[in-house]
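Respectively, the protein sequence lines represent chains A and B.
Counting from -9, one number per residue, gives the positions in the first sequence under our numbering.
Counting from 3, one number per residue, gives the positions in the second sequence under our numbering.
Don't take every hint at face value.
[To be verified] No more than 25 Å apart at the CA atoms, straight line, and that leaves these computed lysine to any residue pairs for SDA-like:
#	chain 1	residue 1	chain 2	residue 2
1	B	320	A	117
2	A	89	B	301
3	A	46	B	274
4	A	79	B	292
5	B	7	B	33
6	A	89	B	300
7	B	223	A	72
8	B	54	B	150
9	B	7	B	58
10	A	114	B	321
11	A	79	B	289
12	A	123	B	113
13	A	65	B	223
14	B	277	A	88
15	A	46	B	306
16	B	277	B	195
17	B	113	B	163
18	B	320	A	80
19	B	320	A	84
20	A	79	A	48
21	A	46	B	316
22	A	79	B	293
23	A	46	B	113
24	A	26	A	63
25	B	52	B	38
26	A	79	B	104
27	A	89	B	320
28	A	65	B	224
29	B	52	B	87
30	B	277	A	40
31	A	47	B	110
32	B	223	A	76
33	B	277	B	104
34	B	320	A	121
35	B	54	B	44
36	B	237	B	300
37	A	89	B	115
The set of hints was computed from the structure by calculation and includes no laboratory data.
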Amino acid sequence: MSEWTPNLIVFACNWCTYQGADLAGSLRYDYPSNVKIIRVPCSGRVEPEFVVEAFKKGADGVFIGGCHPGDCHYKEGNYKAIRRFDLLKRILIDMGIEKERFQLEWISGSEGKRFAEAMNAFEKNVRELGPCKVKEGV
Amino acid sequence: MADKKLRLAVLMAGACGGCDMAIVDISETLVDVLPSLEVVFWAPTVADVKYKDLEAMPDKSVDVGLISGMIRLSEHEHMSKVMRAKCNVVVAYGACASMGGIPGMANMHTKEDIFQTAYFDTFSTDNPDGITPQPSYLMDGKYDLTLPEFYPYVRPIQSVIDVDYFIGGCPPHHSVVLNALVAILKGELPPKGSWITNGKAVCDVCPRNPRNTDEKREIVKEVRRTIDGDPDENKCLLQQGYMCLGPITQGDCGALCTKVNIPCAGCGGPIPGVKDFGLRAISAIASILDNEELVNQIPSPVKLFYRYSLPSSLLGKKVKKV
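Based on the provided sequences and hints, a complete structural model is requested.
Below, the structure written as structure tokens:
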């Protein structure tokens, strides 16, 4: 049996984090190949359902990337994102999902290196935790 | 339909009896409807029929079956399956049946935790021999006694059988029950698998809604609990900082709670299009708060947002102990 690799989902905001990921590629920075990036218009578009559904469908970690505060293309999308994420975080921790499995970061379009570093760190954290235990609901 | 009576069966699974009371609450109107109804089974609460009587009926011989309550015991699962076999239309009736309800919050704890508390730890427990309920027991070497099995988690009805319609509410308002019965009698039912609802949110029918009072909607600047003092009786509860779940709850109740100054707790079930009540509640509540600090002031978020719907949520139960 081959070694287990974590299944990582990244919701990347079109205007910042997705551009950052692009830049990481152009600059030839290494980040894990098991990172699956889903482009969304804004981090404020990421509903809590998306995160939980990802876990339910087999993700071991979910990462949301958005613009730095004040930089949102839609002015306040990332402020909504951080409130929702903070509340979701409390619920997921109460429900028994480790807090290292979900993360919200601000990565701008010029931070290709930072994107690669964040992915490497995230992959490492999740790998240490092992497979996520979210199975079928009751 | 006039010459043929509608055959009705009502089962109480893991419920408190409130849903049965809601049917009785139709009162005089029920008397009007009764000539066109034949109650063939209503157990274990109202009619003097036994489980075996329902089991003995021919399959598909009952027109409508209402099931109230969730699935916690093997008895509930077995009887729900019997109901499915005997009834043409099965309705998950009330918050427990359709979402898991208040008992669903037990999914934050394991069966072992619950037994430990109930049979050992509570102050009033006197259990020196450490006995817990067993599914079967041979008494005096000859009497084979059985109890239903206690399942590890609470489940809503649709996780064990196909459900045709859902009715929310804890208990459902008797007018909804009546509307459902009349719709069934007239044969005017919505597509299979849908909720029997007017499709409006509690906010839509709430007299406090800023839209209805011509006030400007403000951002929420504090989080308050009802123990912090009585809310202003005319102003929107959310605007005052009380965690009211009206925006995402079906308003078939006519906003009964907010009319008496109590924030909506979400018993009516999710408005159409919402897959996971609690997660949508996070979206709705978090985006109207003024800042991140307020988020941390919301007490016990899982049991606030999933008060009635934890077993039917995407996660369904606590993943593991941390």
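Tested hints:
Between residue 320(B) and residue 117(A) the alpha-carbon distance is near 22 Å, which keeps this suggested pair within the 25 Å criterion. With a C-alpha separation of about 19 Å, the suggested pair residue 89(A) and residue 301(B) falls inside the 25 Å cut-off, and the hint holds. Our distance criterion of 25 Å between C-alpha atoms is met by residue 46(A) and residue 274(B), whose separation comes to about 22 Å. Distance hint between residue 79(A) and residue 292(B) is fulfilled; the C-alpha atoms sit about 18 Å from each other, no more than 25 Å.
Our distance criterion of 25 Å between C-alpha atoms is met by residue 7(B) and residue 33(B), whose separation comes to about 14 Å. Taking the CA atoms of residue 89(A) and residue 300(B), the gap is about 19 Å. The hint holds against a cut of 25 Å. A threshold of 25 Å between alpha carbons decides the hint, and for residue 223(B) with residue 72(A) the separation of about 16 Å falls inside it, so the pair holds. The hinted pair formed by residue 54(B) and residue 150(B) meets the criterion: a straight-line CA distance of about 15 Å does not exceed 25 Å.
Straight-line distance between C-alpha atoms of residue 7(B) and residue 58(B) comes to about 20 Å, which keeps the hinted pair within the 25 Å bound. Of the supplied pair hints, the one linking residue 114(A) and residue 321(B) holds, its CA atoms being roughly 22 Å apart against a limit of 25 Å. Distance hint between residue 79(A) and residue 289(B) is fulfilled; the C-alpha atoms sit about 15 Å from each other, no more than 25 Å. With a C-alpha separation of about 18 Å, the suggested pairing of residue 123(A) with residue 113(B) holds against the 25 Å cut-off.
For the given pair, residue 65(A) sits about 20 Å from residue 223(B) by alpha-carbon distance, which is consistent with the 25 Å threshold. Between residue 277(B) and residue 88(A) the alpha-carbon distance is near 24 Å, which keeps this suggested pair within the 25 Å criterion. As the CA atoms of residue 46(A) and residue 306(B) are separated by approximately 22 Å, the hinted pair is consistent with the 25 Å bound. Between residue 277(B) and residue 195(B) the CA atoms are separated by roughly 13 Å; this keeps the pair inside 25 Å, and the hint holds.
Of the supplied pair hints, the one linking residue 113(B) and residue 163(B) holds, its CA atoms being roughly 23 Å apart against a limit of 25 Å. Pair hint residue 320(B) plus residue 80(A) holds up; C-alpha atoms about 13 Å apart against a cutoff of 25 Å. Note on residue 320(B) and residue 84(A): the hinted pairing holds, with a Cα-Cα distance of about 8 Å set against a maximum of 25 Å. Distance hint between residue 79(A) and residue 48(A) is fulfilled; the C-alpha atoms sit about 18 Å from each other, no more than 25 Å.
Distance check on the hinted pair: residue 46(A) and residue 316(B) sit about 7 Å apart at the alpha-carbon level, within 25 Å; holds. For the proposed pair residue 79(A) and residue 293(B), the alpha carbon gap of about 16 Å is at most 25 Å, so the pair holds. Our distance criterion of 25 Å between C-alpha atoms is met by residue 46(A) and residue 113(B), whose separation comes to about 23 Å. Taking the CA atoms of residue 26(A) and residue 63(A), the gap is about 23 Å. The hint holds against a cut of 25 Å.
A threshold of 25 Å between alpha carbons decides the hint, and for residue 52(B) with residue 38(B) the separation of about 23 Å falls inside it, so the pair holds. Restraint check: the Cα-Cα separation between residue 79(A) and residue 104(B) comes to about 23 Å, which is no more than 25 Å; the hinted pair holds. Annotation: proposed proximity of residue 89(A) to residue 320(B) holds, straight-line Cα distance about 14 Å (limit 25 Å). Only pairs whose Cα atoms come within 25 Å are accepted, and residue 65(A) paired with residue 224(B) is accepted, the gap being roughly 23 Å.
For a cut-off of 25 Å, the pair hint linking residue 52(B) to residue 87(B) stands: about 16 Å separates their Cα positions. At roughly 11 Å between alpha-carbon atoms, residue 277(B) and residue 40(A) fall within 25 Å of each other, so this suggested pair holds. Pair hint residue 47(A) plus residue 110(B) holds up; C-alpha atoms about 21 Å apart against a cutoff of 25 Å. About 17 Å separates the Cα atoms of residue 223(B) and residue 76(A), which keeps this hinted pair within 25 Å; it holds.
Among the hinted pairs, residue 277(B) with residue 104(B) is consistent with the structure: their alpha-carbon atoms are about 19 Å apart, no more than 25 Å. Restraint check for residue 320(B) and residue 121(A): the C-alpha separation of about 16 Å stays at or below 25 Å, so the hint holds. Between residue 54(B) and residue 44(B), the direct Cα distance comes to roughly 12 Å. Compliance with the 25 Å bound is thereby established for this hinted pair. Taking the CA atoms of residue 237(B) and residue 300(B), the gap is near 20 Å; set against the 25 Å cutoff, the hint holds.
About 24 Å separates the Cα atoms of residue 89(A) and residue 115(B), which keeps this hinted pair within 25 Å; it holds.
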